Structure formats: structure tokens, C-alpha cells
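Generate coordinates for the entire structure from the input sequences, incorporating the hints supplied.
Residue strings, one per chain:
There are 2 protein chains.
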Amino acid sequence: MSSPSTERRRPRLADIAAAVDLHYSTVSRALNADPSLSIRPETRARILRAAERQGYRPNAMARALKRSRTGSLAMVVPLLRNPIWSDIQRGALKRAEARGYVVMILEEPEDALRHPADYQYLVEESRADGLLLATARRGAGAGSRVLSVPHVHFNRRGPRPGNDVIMDEEKAMRLFIDLVGGLGHRRLAIVDGFKVVDTTYRRASAARAISAEAGISVLFQHEEHTEAGGYLSTQRLLARPRVPTAIGVGNLNQLFGAMKALREAGASVPGDVSLVSFDEDECLAYLDVPVTSVSMPLEQLGAAAVDALIERVEQGGGEDVLVGDPLTLVHRSSTAPPRSTPALHR
Amino acid sequence: MSSPSTERRRPRLADIAAAVDLHYSTVSRALNADPSLSIRPETRARILRAAERQGYRPNAMARALKRSRTGSLAMVVPLLRNPIWSDIQRGALKRAEARGYVVMILEEPEDALRHPADYQYLVEESRADGLLLATARRGAGAGSRVLSVPHVHFNRRGPRPGNDVIMDEEKAMRLFIDLVGGLGHRRLAIVDGFKVVDTTYRRASAARAISAEAGISVLFQHEEHTEAGGYLSTQRLLARPRVPTAIGVGNLNQLFGAMKALREAGASVPGDVSLVSFDEDECLAYLDVPVTSVSMPLEQLGAAAVDALIERVEQGGGEDVLVGDPLTLVHRSSTAPPRSTPALHR
DNA sequence: CTGTTAGCGCATTCAC
DNA sequence: GTGAATGCGCTAACAG
Numbered sequence: 004m005s006s007p008s009t010e011r012r013r014p015r016l017a018d019i020a021a022a023v024d025l026h027y028s029t030v031s032r033a034l035n036a037d038p039s040l041s042i043r044p045e046t047r048a049r050i051l052r053a054a055e056r057q058g059y060r061p062n063a064m065a066r067a068l069k070r071s072r073t074g075s076l077a078m079v080v081p082l083l084r085n086p087i088w089s090d091i092q093r094g095a096l097k098r099a100e101a102r103g104y105v106v107m108i109l110e111e112p113e114d115a116l117r118h119p120a121d122y123q124y125l126v127e128e129s130r131a132d133g134l135l136l137a138t139a140r141r142g143a144g145a146g147s148r149v150l151s152v153p154h155v156h157f158n159r160r161g162p163r164p165g166n167d168v169i170m171d172e173e174k175a176m177r178l179f180i181d182l183v184g185g186l187g188h189r190r191l192a193i194v195d196g197f198k199v200v201d202t203t204y205r206r207a208s209a210a211r212a213i214s215a216e217a218g219i220s221v222l223f224q225h226e227e228h229t230e231a232g233g234y235l236s237t238q239r240l241l242a243r244p245r246v247p248t249a250i251g252v253g254n255l256n257q258l259f260g261a262m263k264a265l266r267e268a269g270a271s272v273p274g275d276v277s278l279v280s281f282d283e284d285e286c287l288a289y290l291d292v293p294v295t296s297v298s299m300p301l302e303q304l305g306a307a308a309v310d311a312l313i314e315r316v317e318q319g320g321g322e323d324v325l326v327g328d329p330l331t332l333v334h335r336s337s338t339a340p341p342r343s344t345p346a347l348h349r
Numbered sequence: 004m005s006s007p008s009t010e011r012r013r014p015r016l017a018d019i020a021a022a023v024d025l026h027y028s029t030v031s032r033a034l035n036a037d038p039s040l041s042i043r044p045e046t047r048a049r050i051l052r053a054a055e056r057q058g059y060r061p062n063a064m065a066r067a068l069k070r071s072r073t074g075s076l077a078m079v080v081p082l083l084r085n086p087i088w089s090d091i092q093r094g095a096l097k098r099a100e101a102r103g104y105v106v107m108i109l110e111e112p113e114d115a116l117r118h119p120a121d122y123q124y125l126v127e128e129s130r131a132d133g134l135l136l137a138t139a140r141r142g143a144g145a146g147s148r149v150l151s152v153p154h155v156h157f158n159r160r161g162p163r164p165g166n167d168v169i170m171d172e173e174k175a176m177r178l179f180i181d182l183v184g185g186l187g188h189r190r191l192a193i194v195d196g197f198k199v200v201d202t203t204y205r206r207a208s209a210a211r212a213i214s215a216e217a218g219i220s221v222l223f224q225h226e227e228h229t230e231a232g233g234y235l236s237t238q239r240l241l242a243r244p245r246v247p248t249a250i251g252v253g254n255l256n257q258l259f260g261a262m263k264a265l266r267e268a269g270a271s272v273p274g275d276v277s278l279v280s281f282d283e284d285e286c287l288a289y290l291d292v293p294v295t296s297v298s299m300p301l302e303q304l305g306a307a308a309v310d311a312l313i314e315r316v317e318q319g320g321g322e323d324v325l326v327g328d329p330l331t332l333v334h335r336s337s338t339a340p341p342r343s344t345p346a347l348h349r
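From first to last, the protein sequence lines are chains X and Y.
4 is the number of the first residue of the first sequence in this note's numbering; add one for each residue after it.
4 is the number of the first residue of the second sequence in this note's numbering; add one for each residue after it.
These are computed hints drawn from the structure, not numbers from a lab.
In this text the structure is predicted, and so the values were computed from the model without any measurement.
Heads up, some of the hints might be wrong.
[To be verified] The calculated lysine to aspartate or glutamate pairs, modelled on EDC-like cross-linking and capped at a C-alpha distance of 16 angstroms, are: (1) X:K69 x Y:E128; (2) X:K97 x Y:E128; (3) X:K97 x Y:E113; (4) X:K97 x Y:E110; (5) Y:K97 x X:D114.
Written out as C-alpha cells, the structure reads:
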């Protein structure tokens, strides 16, 4: 209806070749700066100018078909409310863009888990060059179909070593235990998600080892990683004969539940119990009593995962990666020495 | 080193054609269930079986090249901490998957805004069939380059009508004003982000219109959409000679700031001031005083945006979409009648 | 009912 | 220095 004539096809190599009166293969080589092409600079400039003028854009599909490389990565993340996934995703997107890749995102519902191999089709159909996976449950798919396309598991380890990019959960746990241990706490508790999730599993193992060596007791409560889960776990802890004096909470959602349970029980923070979050978030600074947290390198993890995957795609190699920096304590007001503790009398 | 021979190429149409002793074009038509092909069921079954056995997967690049359609959409979202974007993204991903599309995500830093047309290259290079954009600032790029590829603006309107998928902010505002107005409040305030963001702008306009017609006064505070912004805005409100008795807060980050300001000023909620959040989140139920919120149809918005874009890609048509369902009030404990109000004496 | 043919747009090996 | 030719894997129009 309105100007039906203006519609113009996107220029191809042939179009710009016609404009400069050269063969399109020459144009291709000039635009790609093919070193084996000894072209005179002046001709080259002419080509570039023509391409520019016509607004030439290489067709990614055609190029991908020819090169058998799509320039895109597929990222599978669990469908969770926890904001850490946004941060990891952010790190991955930035790094991928910087390295000339695009990223497709898929979200896997927690109640409809699939096997990692179920995402292989993306590579097999040449939609992506490789897979970034955060879908593994511990033991899931162990011994079963092994992925035969480039991939890395991030944040959660895969069924076998060699393609994992994970955070240094042990370091995080050590930070927590050193902090409250140093304040004099000897009865700690950790409120976290279920141990079928690898991250939680590693955290729990680390806590066990570290606390044992420090002569500190640690109680574990594993529940859903939601407000309700944190609430329930903390209620249970507070109902014990000897209530822990310091609690570490595995994620932000659970933290809100934990705080509610503490409030309802009349337990003051940090007076009665010290509280530490394993998710850092700006909002922690604005709570009634600002909550100390362990800040994990989330964006760095995403970036490292992309780097590792690209290495596998382009070189075929690669090793496990442990991301441990910057992993720091954000000191706020939710920790203090336990009431009448040796530390106070020193 | 280990079994270098096992490496087998991915099967192509030709491979399965060879296996069933038919031409590969026939195989193609059979697999695609081409209606113009009258093939005998038995042959068809043979083909399917062979394809299955060889693990055949159509090459998406080759298909895209031929069909000039990639089957992927590009989504550009602002780089923000606010969790609404995750929810919108989720809705979009789900719908896209259901409709056979994949989605690439790009995040645009708020401090390095680009023109929507800067993302056109994705379509021009045949990396995506269309663009989902949430990048517009009011007035940005108005009158400048107009997008010449299929696209929709979501949550934030584009420079001109016709390709917008937005939420019914007016309805949201009406819910808020009706609620607190009905409780007897006559001095309201709205704490929100800056009005260069279209969502905020529409919310403010709606509030102005609705409150005028209801004979209610509304004060606006526009600050950064962060905890610090909400804190600052609320402090300002509390410093006024006549403090508003009900405050609506535009997003979750600001809400934490607002609550801190109220706490520090010794203003009780809902005793001294009623509080309503325009972002719904499970954590609101776990706060010291659980906060009432307006729950927006975020996933629905994402899904609607995908539908609208696919319509433009596949049919070339499309109109503006207003997403208004389900848009509801989540009643919690942060609202009450103002102290000694007419409503109490009725 | 099935085979032939011609590209989609590009990179690349080989001639000249 | 540059042109010609081939094929990546697939779809679709056309033969037979």
C-alpha cells in the first residue's frame, strides 16, 4: 500500500562485486582480509567503499553453512527465582559478545528435568557450536549417554570431570567459618537447599571438613531454596535444645524466610544469633539489621564458562576451571561474638 | 589418541536417501510431510525408520539459507538488577520454545545506550528473524532512523506506535489509588524511577489523571531505581510539612530503600503510612510487615511480545498490544486507613 | 509416485 | 593479481 517499490533486497557479495567490476570471490577475500590475497591497496579501498555504501552485511547462515561454525552458544539455566542466575548470565553474555559470539538461552523447569544430552540437538542441528549447561543434578545421568558435542557444565559439575567450570565453594565456606569462628562461635548451622544440587553438596562437604579441623560443630538444614524453605529450616534450628549461635544461609530467598523465623522466635540478630548470607545483594544493606554476606564471583563464573566453551569449540581442548576471585566477605551488622563467649574475655 | 576412528560425520539427507535407495529430495519431502507428495505409507515408514536409525537431524543453517528464515529471535533487555526482566524473559523463552523458535539475549548497559537500529544487524546478517526490544528511552531516536526489520518494543514503547507490547500501567495505578483511596487516604505519593523510562512516564500520567478525577493529591518522587534512590525519595517525602499517608513504590529495589527511610524516621507501617509495591515478589510476604503489592503480568508480557513478533515475521502484520491480565492486588499487611480519617467515621 | 535441477550466499582451491 | 568452479545441506519448482 505505502511505497511498495522501496523494498530492496539485502546486498550480496555479487552486488558489490558488480559495482566495482570484480569477481565476487575477490571481494570476499578482500573483505575477509585473506592474507593469501595480494591485492593492491587501492582496489581494496574501492571494494571496502562499495561495501560500505551498499550497506553490505555478510549472511551469517551462508557463512555458517560453509564454515560449519555458527558463532553462537546455547546456555541452559535452571528456572529459578534466585538472582544469581541473572548475574551469571550477564557475565556470560558480556564475554560472549566480546568474543564475537551470540548466546541463546534456554530455561529448564526444575520439575521437568531433562538429561544434558537432550540439548545436544542444538549442536546437531547446527543451531549452536556448543553447550553451556547448568542443569546437572548430582548423579543424574551418571554412566548414561555421554555428551558428544562441545560443552561445559557451569556452577554445577557434570557427571564426569573435564568439563566443569565451578566456583570455589570451599573458599566461601572457609570465609564464613573463619569469620564466626573468629568471633568465638562454636555451634554453627547452615541453612541451604537440597544436596542433590551439586553446589549445595560441595558447600556441605567443605563445611564438614573445615569445621572438623577447627573443632567447631555444624548443623545442616536442607530444604527448598525458597522463603518457605528458609523459614522452616530456621524454625527447626530454633526449636533445638542447644540453638546454634551463628547461621549461614545458602541463598537470598531462604534468607528472608530465616529472618522471619528469627523475628517470630524473638531471637535478636546479632545478639542471639549471627547471620550470614551466601548471596550478596544490595538490598541486604537496607534491611532492619544489615546482613553480612559472602560475595561470590558470579559474573566471572559466566565469563569463565564462555571462555572454556569457546576453547573447546575452537581448539577442542580444555580443563576444569575453579573460579575463586573475587570472593569476599561483605561486612555488615549481622554478626557479633556470641553472648558471654571466651572471645569476650580474652 | 583414544579411538580416533569412531568419529562419524553427522548424517545428511543424502545418507539416509542412500540407505533407502531413494532420491534425497524425496526423503526431504517425506520428512517434512510435504502434502504435495503422495508417497505410499510403507515407503514413508521406511524413510522415517532409516532417518531415526541414523539419528538424522536437519541442518538448521542449510534450511535457514534456503528458506531465508532462521527460526530465532533476538531479545534486547536493559542491564538492570530488577527481577522483572527475568520474569519477562522467562515468559518470552517459554512461548518462543512452544512456537519453535529459539531466543538470543542481549543485555544493554544503561550507561551505554544504543539506538534500536543498532541491533538491526542481527536481522541483516540473518542471525535472527526479528527483534524484541526493551531499550527505548522516551524520545530517544524519535524521528531518526526507523527500523526496517520486523520488531516489537516491549514494556517500553518505541518511538512511534504500531509495534508496542506494553502492560496496562493505568490499570495498575488505578488498583493502587482505589485501594488506598477507599481506605480514606487523600495525600498519596509515588516513588519511582526517572520519567525518561516509558513505563514510569505512563504510570505517572495515569496517576495524575486518576487522582485528579478522584480529588486526591499525589506527590511524585523520581530517583534512580535502586535502594539508594528509594531511600532518598522517601526521606524527602518524610521531610515535607504534610507527609503523605500512603506511598506506592515503583520497584522492588527502591522498596527496600523506602522501608529503611521509614524505619529511620520512626514512621510505622501501616500506622503512619501505608505502603504498596508495584513489583510483586515472594519475599514481600516475609518482611517485618508484609507488603501489599500490585502483581503485574510479567510472563504474559514476554509471551505476548513473542507472539506479536512472530506475527510480524510470518505474516508481516500486527498491532499494538496492551497486556492487562492477570493484573491483581496482593493484599498483605502494609495498608490501613489513615489515622483519624473520615472513612473511619462513616 | 518419484527423480532432476537449480539455487540460497558464501569461502576456498585451483587455474590463469 | 584476479576469475572460475565447487560444494556446504537443504527446499521447491518442475519433469517424467
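Against the structure, the hints come out as follows:
The straight-line distance between the Cα atoms of K69 (chain X) and E128 (chain Y) is roughly 15 angstroms, inside the 16 angstroms bound, and the hint therefore holds. Restraint check for K97 (chain X) and E128 (chain Y): the C-alpha separation of about 20 angstroms exceeds 16 angstroms, so the hint is violated. Taking the CA atoms of K97 (chain X) and E113 (chain Y), the gap is near 14 angstroms; set against the 16 angstroms cutoff, the hint holds. At most 16 angstroms may separate the alpha-carbon atoms for a hinted pair to count; K97 (chain X) and E110 (chain Y) meet this at roughly 8 angstroms.
Proposed proximity of K97 (chain Y) and D114 (chain X) is supported: the alpha carbons are some 15 angstroms apart, at most 16 angstroms.
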